[in-house]
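With the hints as your guide, set chain F onto chain L.
Just so you know, the sequences run in chain order L and F.
The first sequence lines up with residues 1 to 298 when you count with our numbering.
The second sequence lines up with residues 1 to 278 when you count with our numbering.
Please keep in mind that the hints were generated in silico from the structure rather than gathered at the bench.
Among the clues, some could well be false.
[To be verified] Computed cross-link-like contacts, EDC-like style, restricted to lysine to aspartate or glutamate with a CA-CA straight-line distance of at most 16 Å:
hint, chain 1, residue 1, chain 2, residue 2
1, L, K183, L, E78
2, L, K71, F, D275
3, F, K97, L, E196
4, F, K97, L, E78
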Amino acid sequence: MKNNILEFKNISKSYDKIEALKNISFSVPENSIFGILGGNGSGKSTFMKILPGLIYSWSGEILYQNKSINKDSMILRENFGYLIESPTFYEYLSAKKNLEILARISNVGMQRINYVLDLVNLSNRSSDKVSSYSYGMKQRLGIAQALLHDPQVIVLDEPNNGLDPNGIADMIKLIKSLKEEGKTICLSTHILKDVEDLCTDFTVFKDGKNSISNSMSAQLLSSKKWVINVSDVALAITKIKDNNNFKVLSRHNNNIFIESESLNTIEEINKLLNGIDIYKISKESNLIEYFENDKSFL
Amino acid sequence: MINLFYNELIKILFKRRTYISFLLIAFLIPVIVYAIDYGAASLQTKIYGQMEDSFIFIGSIVNGYLASYLIVAILITHMPFLSTIIPSEIISGEYSKGTFRMYLTRHISRRNVFISKLLIVYLYTTIMMFFFFSYSLIVSGLMIGTGELIVFHKGILLLSEDDIVWRFFLGFAFSNMVMITVASLCLLFSSFSKNSVTPIISTISIVFVGSAVSFIPIDVFELVNPYLFTGYIDIFLLAFHYPVSYDIFLNCAIVCALWSLLFIVIAYYNFVKRDILE
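So that you can see chain L by itself, here it is in the shape it has in the complex (with noise of 0.2 Å):
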């Protein structure tokens, strides 16, 4: 059993008359990739502003390492690693120099910069002034300022943005890398994928309020969902549909998605589908579940 290094109790924050968090309550297990998945309004930008201090007045709590932590409090500064939003710098300086300024006032010797810069490839366009970079390139060197001051705990608010299919692959590379490196990872993101393929441990928000904070391999031992690819889909579907424990959802090429009765495993599946050649057999997640349950929601 993981200690928890981060726990929100009863987070909430009003703009006016608009509740935007209505009492979020989760922990973040140490050295987990957790995502926090939601779609646009539901509060996600809102409660990673909470983190850093850049939202002042909210109620609640949080803790870090089980000790409270008060409004004023640098630690979630000092060991936190934030990209909040888009990647916004001084577009007028070279990224060197937005390191820089960063690097002084988190008391990082200048070779840290030219390591950051490094680890997100751009090291070749360091001297370039930040206007001239695409929004990809911005989104690398959030996660180069984010990572400057080697933070226990990165807070990464839709990293994926923006990139292409090979920035996300290298994003990816970079925030499994850090995990191993022992560090905590928090992030959001409206894209299921990325949560599926990514976090260990996730919370759903929607509407300002969350769902019961779970670990991926919980949400994939519990789902009844499975894609098979095989070489005879016919064959496979009419096997499938046969058998009264399994229904079959859809298919696209030669994936066939299937719903299962119980907790089958997959030697039941390849069981069933005997003389017929399986490529891959994969549990799919039933995140998707949590947003069209209302009450998946505390």
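This is chain F only, laid out in the frame that chain L set:
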């Protein structure tokens, strides 16, 4: 704190708008000095024309000191506008561009960030005003030489050459206080605004209204004028009176300090407590 101050310095040094006021002053003053020199005879006639019946003027009374005096007296009323260039953007610019989302998530307090910005605004204003006065004196002196200064105060006041420069510095010191108050007001608006134009317009509007109060000779206005910082925008002229009315300079210092303090306190609380949503 030193690092924060250094950061603010870097931010403004690399911005083009920082140099607008310096370029404007650097260009405008030689042109005016040249024009004064070129039209020296006619200027002398206009200024002292009525007195030529009673006095005989030998040589020219138009020199670098007179040129500087005229330049400062004319341009000082426009300096509030130049004083808003940096403070208008120093906070609101970071709101609008979203750079606070990066800067204020670091291990620094908003109080120190505010102080560093305030110091930069005051430094910029002081350097700009010093440049304005000293450049005007140097350029005028080099272009048309120095000499005695004749000004009007209770008649004609002839100031000897060695009694002039310190008066310019006195004028600079107190004019700078007024401009620092203007910059503080602009910083206040900057802390509330999401763009850099609104603080300039708001500040200049207030200076305009305050100046109107100073110039319109109505009893009520004359009563409140000593308590308005805008009433001291032309305090530079008082440095060339004889004797110098130090009590007015003291009033100016107190009034400017109190207004500046009020503006800074409000700006500070707004900056520290404000939610950064942009």
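Quick rundown of the hints versus the structure:
1. L/K183 - L/E78: holds (14 Å)
2. L/K71 - F/D275: holds (12 Å)
3. F/K97 - L/E196: violated (33 Å)
4. F/K97 - L/E78: The given pair, whose Cα atoms are some 24 Å apart, is violated under the 16 Å limit.
Of the numbered hints stated above, those contradicted by the structure are hints 3 and 4, listed in ascending order.
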